[in-house]
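Engineer: Residues per chain, in single letters:
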Amino acid sequence: MTKERRDSKGNSVGVVQAQYFTFDALQLESGEKLAPVTLAYETYGILNEKKSNAILILHALSGDAHVAGVHEGQNNTGWWDAMVGPGKAFDTNKYYVICSNVLGGCKGSTGPSSINPKTSRPYALDFPLITINDMVNAQKRLVDHLGIEKLLSVVGGSMGGMQALSWLVRYPEKVRSAIPIATAARHSPQQIAFDEVGRQAIMADPYWKSGNYYDGPLPAKGLAVARMIGHITYMSDVSMTEKFGRQKKNNTQNVKFTADFEVEGYLRYRGDNFVKRFDANSYLYITKSIDNFDASNGRSLQEVLEGIKAKVLVIAFKSDWLYPAYQSKEIVKACKLSGIEATYCEIDSTYGHDAFLLEAEEETHLITHFLKKVFYEYEVTGSYDI
Amino acid sequence: MTYENIRLDHRVILGLVEPCSTILDLGCGTGELLYILIKEKNVRGQGIEIDEKAIYKCVAKGLTVSHSDIDSGLAEYRDKSFDYVILNQSFQQVKKPDVVLREALRVGKKVIVAFPNFAYYQVRLQIFFKGKTPMTASLPYEWYDTPNLHFLSISDFIGYCRKRNIKVEETVFIGKNKTVKIFPNWFALTGLFLISSGKKCQGE
Numbered sequence: 436m437t438k439e440r441r442d443s444k445g446n447s448v449g450v451v452q453a454q455y456f457t458f459d460a461l462q463l464e465s466g467e468k469l470a471p472v473t474l475a476y477e478t479y480g481i482l483n484e485k486k487s488n489a490i491l492i493l494h495a496l497s498g499d500a501h502v503a504g505v506h507e508g509q510n511n512t513g514w515w516d517a518m519v520g521p522g523k524a525f526d527t528n529k530y531y532v533i534c535s536n537v538l539g540g541c542k543g544s545t546g547p548s549s550i551n552p553k554t555s556r557p558y559a560l561d562f563p564l565i566t567i568n569d570m571v572n573a574q575k576r577l578v579d580h581l582g583i584e585k586l587l588s589v590v591g592g593s594m595g596g597m598q599a600l601s602w603l604v605r606y607p608e609k610v611r612s613a614i615p616i617a618t619a620a621r622h623s624p625q626q627i628a629f630d631e632v633g634r635q636a637i638m639a640d641p642y643w644k645s646g647n648y649y650d651g652p653l654p655a656k657g658l659a660v661a662r663m664i665g666h667i668t669y670m671s672d673v674s675m676t677e678k679f680g681r682q683k684k685n686n687t688q689n690v691k692f693t694a695d696f697e698v699e700g701y702l703r704y705r706g707d708n709f710v711k712r713f714d715a716n717s718y719l720y721i722t723k724s725i726d727n728f729d730a731s732n733g734r735s736l737q738e739v740l741e742g743i744k745a746k747v748l749v750i751a752f753k754s755d756w757l758y759p760a761y762q763s764k765e766i767v768k769a770c771k772l773s774g775i776e777a778t779y780c781e782i783d784s785t786y787g788h789d790a791f792l793l794e795a796e797e798e799t800h801l802i803t804h805f806l807k808k809v810f811y812e813y814e815v816t817g818s819y820d821i
Numbered sequence: 002m003t004y005e006n007i008r009l010d011h012r013v014i015l016g017l018v019e020p021c022s023t024i025l026d027l028g029c030g031t032g033e034l035l036y037i038l039i040k041e042k043n044v045r046g047q048g049i050e051i052d053e054k055a056i057y058k059c060v061a062k063g064l065t066v067s068h069s070d071i072d073s074g075l076a077e078y079r080d081k082s083f084d085y086v087i088l089n090q091s092f093q094q095v096k097k098p099d100v101v102l103r104e105a106l107r108v109g110k111k112v113i114v115a116f117p118n119f120a121y122y123q124v125r126l127q128i129f130f131k132g133k134t135p136m137t138a139s140l141p142y143e144w145y146d147t148p149n150l151h152f153l154s155i156s157d158f159i160g161y162c163r164k165r166n167i168k169v170e171e172t173v174f175i176g177k178n179k180t181v182k183i184f185p186n187w188f189a190l191t192g193l194f195l196i197s198s199g200k201k202c203q204g205e
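These protein sequences, in sequence, are chains A and B. My numbering runs 435 ahead of the 1-based position in the first sequence. My numbering runs 1 ahead of the 1-based position in the second sequence.
There's no promise every hint is true.
To be verified - Distance condition first, Cα-Cα at most 16 angstroms in a straight line; then the derived EDC-like pairs of lysine to aspartate or glutamate:
#1 Lys54(B) / Glu738(A)
#2 Lys179(B) / Asp10(B)
#3 Lys753(A) / Asp70(B)
#4 Lys753(A) / Asp52(B)
Source of the hints: derived by calculation from the structure; they are not laboratory data.
If we strip away everything but chain A, and leave its shape as in the complex, we get:
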C-alpha cells in the first residue's frame, strides 16, 4: 500500500492541449437532431497496439476536458490531476486516458453558447434539451473516432458517475469495467430541489433575458448564487467548520450585510469566480439533464444490468449528503442481483460530496488495484505477499 501512496504524488502529465472532434449530427433522445456537434477533448498517455488500455474519464457538472496537467502558459492543473498522471491511479505510463467536455457544456463542446449554424448567433434557448444519455452517445462517437473498440474503464464522480452508468447500460459490450463514484442511478427529490433553486437563481437574474444575454452583460449574480448553493451542498458540516469555523474576515467594511464571516466570503469568491468560466445557460441545460437522468429509464436497475459482463467498482463517501451512500449501495445491490461482480467501498471522509475530488489517496488505492485486475484479467493477484 505504501508504494501506491508514494506514487500517487508522482509526476504530472505536463503540458497538454485540447483537441476537437466535430461530427455531422447527433440524434437526441428528445427526437431533435443537433448538427454539427463538436466535442473538446484531451488525451494522456499512449494507446497501446491492441487498443486495450483506454480509459474514459467523465466529468461532473462544472468540469471540463482538462483533467490533468497544464495548458501552455498557464498554471491551472486539471481538475483530477492527483489521479491522472505517471504512477498515479490512472497511470498514464500504462493507460491511455481520454476526457471530453460534455455535450451542452461551455468548454469547447457544442452547447447553448455555441453558434447556431441556422442563425449564426449563439443557440441560447434554441439549444435542444439534452440528456445524460445524449452526452454518452456523443462520447461514443468520439471513442469510435479514436478507433477504440472496447474501453478498459469508464469512470466519473457525481454527474460523471451517471455517465459511467449510462455507458454501462447502453454500451455494455464497449466497456470492460465501470467506476461510478459518489453518484446515483437517479436523482432524489432533494437533489432535484437544490438544482431547481440554482436554476431559479439564474432565471431570476434580470440580465438572463430568457437566455439571450450573449451580446450584453451576463446573468452573473444569478449564476453566482447557483454556484454558492452548489458549494454548500458539496461540503459537509464538519468540513465547513474545519475550513471556516465562525471566523470573521479581517477587512470587513462598515456596511450592512457585507460578507462578515469567512464562509460568506468564500462562497462569494467561489460564486464570482465561477461566472468567469461557466455559461449560465449551460448550467440550466446540464442540471436539467442530471435531474432527468434515470439509469434504468423507469425499469428496475437490476433488470437493465442483467447479463452485463463488465466489472464494477462503486465508491461513496461517508459525509456526502448530496449523493448519500445509500444511493451507491442501490447501484451495488442492482449489480449483485443482476450477477455483476461489484466491489463497493464507502470511504470515511469528512469532505462531503467534494471528497471524490479530494480523497485521492484512498481512491488511488482502490482504483489502481481494480484497474490492474480488469486489465490483466486475473481473479486474484499472483503472489500472496501483499
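With chain A fixed as given, assemble chain B onto it according to the hints.
Structural biologist: Just chain B, lined up with the frame of chain A:
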C-alpha cells in the same frame, strides 16, 4: 505459499469446499480465506466486510468485496445464489446471529459456520477458579475490547440447529494444532459446522 502455512481453520474449510463452487464470505476481513479458496479451489468468491481498512487489503488481493454490515441484511442476493456462505469467526460478532444465519441459509445452498467454543475446558476452569472472563486462543480478547457479542458453545449450536430444523451435514472441531474427536464441547477451541436448510427446504 505452502499448504502448512495456512491457518488450520482455513485448511479445514478448504477441505470442505467443492472445487469451482461459488462462495460468499460474510465478514471476510482482509480476504485471506477467500484468496486461498480462489487460488487452491478455483472457486468464484466474493466477500462482505465492515472494516474499511480490511476492504483495501481485499482489493489489493484482487478480491471482489462489498463494504457493508452483514447485520443489515443480505437483500442484494437471490435465494440459493451461492454454493457456500461462510461465517468464519464472524457469526458470534453480529448483532442478530439468528437473523444472519437464516439469511445465510437463504442465499447459500450450504453454510459454513465457525465460532469460538465457550465451553472449552480452559474457559470453564478460568470462570470456575479465577472468577474472571475467560481468555483462550480462540477467545483472545479482554472483556472490554472484544468484538464478540455472543458467547456460545458447540452444544449450544447443536441444540440451536435441532430447534431451527437446520441440517448439520458435517462438523469439524478444532483444537490448538489439530482437530478434536473426543468430547469436543470440552476440548475444541473452535466449532466448525457445515449446515444446510432442514429437510422441508431441501430440493429447492
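Engineer: State for each hint whether it applies.
Structural biologist: Each hint, compared with the structure:
no.	hint	in the structure
1	Lys54(B) / Glu738(A)	violated, 32 angstroms
2	Lys179(B) / Asp10(B)	holds, 10 angstroms
3	Lys753(A) / Asp70(B)	holds, 14 angstroms
4	Lys753(A) / Asp52(B)	holds, 13 angstroms
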